[in-house]
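Peer 1: Please model the complete structure; the sequences and the hints are all you need to start from.
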Amino acid sequence: MNAVGAPIRRQGPGGGGTILDRSVPGRRGWSLPPLDVPEAPVPEEHARGRRPGLPEVGEVDLVRHYTGLAQMNYGLDTGMYPLGSCTMKYNPKVAEAVAALPGFQRLHPLQPDSTTQGALELLWRLERALCEITGMDQATLQPPAGACGEMTGLLLMRAFHEDRGDARRRVIIPDSAHGTNPASVRLAGFEAVPVRSDARGLVDAGALAKLADDSVAGLMLTNPNTLGLFEEEIEEIAATIHGVGGLLYYDGANLNAILGRCRPGDMGFDIVHINTHKTFATPHGGGGPGAGPVGVKDELAAFLPAPTVRRNEDGGFSLDPGGERSIGRMHGFHGNVGILVRAYAYVFLHGADGLREVSELAALNANYLARLVGEEFPLAHPGMRPMHEFVATAKRLRDATGIRAMDVAKRLIDLGFHPSTVYFPLVVEEALMVEPTETESKATLEAFGEALRRTAEEARERPDVLREAPVTTPVRRLDEARAARALKLRW
Amino acid sequence: MKFAPHTDAEIGEMLSAIGIESLDSLFEQIPPSVRLEGSLGLPDGVSELEIVEDLRALAARDRHLDELVCFAGAGAYDHFIPAVVWALAARSEFSTSYTPYQPELSQGVLQVLFEFQSMVCELTGMDVSNASLYDGATALVEAVHMARGGERTRVLVSEGVDPRLVETLRTYGSGSGYEPEIFASEDGRGGAPAVGDDVAAVVVQHPNVLGILEPASELFSVAREGGARAIQVFDPLSLGVLAPPGELGADIAVAEGQSLGNHLAFGGPYLGLIAARMSDVRRMPGRIVGETVDVDGTPGYVLTLQAREQHIRREKANSNICTNQTLMAVAATIYLGWLGPEGLVEVGRRCAAKAAYAADRLTGIEGVSLLHPSAPFFKEFALRVPVPADRVVAALVERGFLAGVPLPREGDDVLLVALTERRSKEQIDAYAEAMGEALA
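Those protein sequences? They're chains A and P, same order as listed. Residue 1 is where the first sequence starts when you use my numbering, and the numbers rise one by one after that. Residue 1 is where the second sequence starts when you use my numbering, and the numbers rise one by one after that.
What the hints contain is simulated information worked out from the structure, not anything from laboratory work. Don't take every hint at face value.
Dumping the calculated SDA-like pairs for lysine to any residue here, alpha-carbon to alpha-carbon at most 20 Å [said to hold, decoys possible]:
id: 1; chain 1: A; residue 1: LYS395; chain 2: A; residue 2: GLU429
id: 2; chain 1: A; residue 1: LYS297; chain 2: A; residue 2: ARG128
id: 3; chain 1: A; residue 1: LYS93; chain 2: P; residue 2: ASP54
id: 4; chain 1: A; residue 1: LYS93; chain 2: P; residue 2: ALA57
id: 5; chain 1: A; residue 1: LYS93; chain 2: P; residue 2: GLY45
id: 6; chain 1: A; residue 1: LYS488; chain 2: P; residue 2: ASP127
id: 7; chain 1: A; residue 1: LYS488; chain 2: P; residue 2: ALA307
id: 8; chain 1: P; residue 1: LYS2; chain 2: A; residue 2: LYS488
Please read these numbers as outputs of a predicted model, since none were measured by experiment.
Peer 2: Listed below in structure tokens is the structure:
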């Protein structure tokens, strides 16, 4: 399987210890110039007594330790990373290079606008491009992640209704939605009302119509949805919600599926958030950073968080402090600008033609792979064509062999792959949610498909190989119950 | 420019395997009435060379901090970042990985986060921490959400807390149904919060937004005697020389962690630090890493206490955090490893000494004085200047300095000046001379 990346292999016995275990009293890594001004110790009553228990290590210790840890970590550069709903596609190196230009990296967030014209223009151009891609009128780049984008969008929704003297309290969410949706809804002061999916895996339009009344502030929807299926009745759904005076919120988790094919704004959505690490391939850093820009239609623009970037009549750019109706501030400064620089590079490298191709080939890869593994792992909703990702089920395999989706995932690790997402969405039994992304080659997809089919074969012939997997990694299956019971959260 | 590796021949083979004619067939589910006609109103894609030139041209229009000597702070600081930090943190095994859902493939990042949590606890003198939050402002929001519950809903915030943090808190509070209430300071510090039995939290920033050292332990005693949680906004690089939140009696401590090895980057990505008492561990937001063992008894790390989180608790979760700032936490961990306990003290000692020296030099200029002359400060101080502060900043940019941050809330003529270990005596002297010239 030479199409596979470099798997994470056990380097030696595990339990190598933390950086503190490398500490030797008196050893040091730091260096600073001699103090060139008079001492000015802090007043006695404010002074620290005991020094903190940080490691005393040299630079070589640091390099060996963290290089070793890096080698125990699987990244996109290691190999295919088909986590459904997470969109782990190749992160272009050029985006790293441009984000490191001192003109972006060495800017203080509170410098006068006259000294940051390049960065402000970049943000302004990106905002315009994101509006064009999503069919929105204006946007804020401030939210530092998708969940914060959701919170922003919901506060905008709330401000919009309150401004009209209309205190609406319910937000409808499909039962297949990501957990951040209901959590954000509650934190924004709304009540989350679930709407069920029908047998096709789409929002049940009849059930939605029954829920829709003038207490509904809005609907949050991902389209294609979390099952990877396009909500074909989106226009009817929009008419239902708009008909009762509600707003439509587009969760951009799957925007990468429809670039240049259709736009949330044209489907009737009023508010959109974008996950830059999904759609625009900004590196996700082991769990963050992200960035979660939010676009809105004109009637919501006055409520956007401040500051926003404004283009002045003289062609210059400035940070607009926002008006009275602005919801306020979602981040201490201007959001994750370093990530937005990378998103800008991605958007304009690809351009209109390239972005469209991104979605086309993402859908091609997902459908091709679904076809390769469909016999053993059938689609959860077989009547529907998946778009950029597909949800298969290991239910039949489990019923026949007792092997579960998690066992399949762990065996894939031994076969050299990062597994797909498992057990999500919650509405599918033994879900395997696979998103290959457009940056994997046909050969890699075939190798992954072969590995997945092999797990099914093994489940029937030698199931212990799956139950005991993984055996090649630095650690094997970990006792999560013990971690939560006997809490050890620090050295 | 594209990164998809497909050849035309491969695309053809894949389409026929799927049993469709063209790529368009993959989008047939989209109703024709909502399809985009024509193409997006963006230019077509360009080569890598062209995008690099475009971004270099934009970046060249910024006056960055290799050109301007930085005396600006207000929550983001120009501390020195040793080369080893990003040489390691930028390794793509860290930067291109996802949230560690498969711990067997993610021991690297999980262990770094465990070390990060440990270091934050060591710094702050607190019991537990997490895998980071978005930034200092949103960390304060999360701390307040931890504290609120039952009858205790009100949030008292010291006047010394950075107004940008208060504004962020007010914005999130509008959703959760609270409005931060400011209690006044006296001569730049202290104050008397009235902690009734409906108060959930008392928030104190120490050192405060003016750089001044607060009587934090007294304020925290008042908070705790009233049954509220004491929340401290701290500066991580002050904790080599200043008593930590745990010793001062804070229940929850939060900070902007940018100064720990992270670039200024025009405001982000930074990281929020949060630490608390063990009794509050189940109210903590975000990802938490715990140590455990595998089936062979080998020690290893996992995400733990996930029952708190949005993907399990959904609308009942205390926080909607999913993404955090893990990579920034990796950098912070390596930076703190480089400093060690002694380096941390040395950085703090230098910051304090340079700030005292700079305040001395600047207040020697006619018309320039400290806003609160008798208040002790750490690495930042507020100056009253004889002309509007933004004019001072503009004039100093012309002379090669980023002079500080105007504080309009304190008056048009107030300038906040920050010193780090990075500023040399020569730079401070040149800055004071330039300020003198500009004001002459």
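Peer 1: For A:LYS93 and P:GLY45, compute the direct alpha-carbon distance and say whether it is at most 20 Å.
Peer 2: 17 Å, holds
Peer 1: Compare the distance between the alpha carbons of A:LYS488 and P:ASP127 with 20 Å, and conclude whether the hinted pair is satisfied.
Peer 2: 11 Å, holds
Peer 1: Decide if the proposed pair is consistent with the structure: A:LYS488 and P:ALA307, CA atoms, cutoff 20 Å inclusive.
Peer 2: Holds, at roughly 16 Å.
Peer 1: Does A:LYS395 pair with A:GLU429 here, judged by a C-alpha cut-off of 20 Å?
Peer 2: 6 Å, holds
Peer 1: Keeping to a limit of 20 Å between CA atoms, is the pair of A:LYS93 and P:ASP54 held or broken?
Peer 2: With Cα atoms ~16 Å apart, A:LYS93 and P:ASP54 stay inside 20 Å; holds.
Peer 1: For the pair supplied as a hint, A:LYS297 and A:ARG128, confirm whether the alpha-carbon distance does not exceed 20 Å.
Peer 2: Answer holds: A:LYS297 to A:ARG128 is near 13 Å, not above 20 Å.
Peer 1: For a C-alpha distance cap of 20 Å, please report whether P:LYS2 and A:LYS488 respect it.
Peer 2: 45 Å, violated
Peer 1: Would the pair A:LYS93 and P:ALA57 pass a check requiring their Cα atoms to be no farther apart than 20 Å?
Peer 2: 19 Å, holds
In this structure, the one hint that does not hold is number 8.
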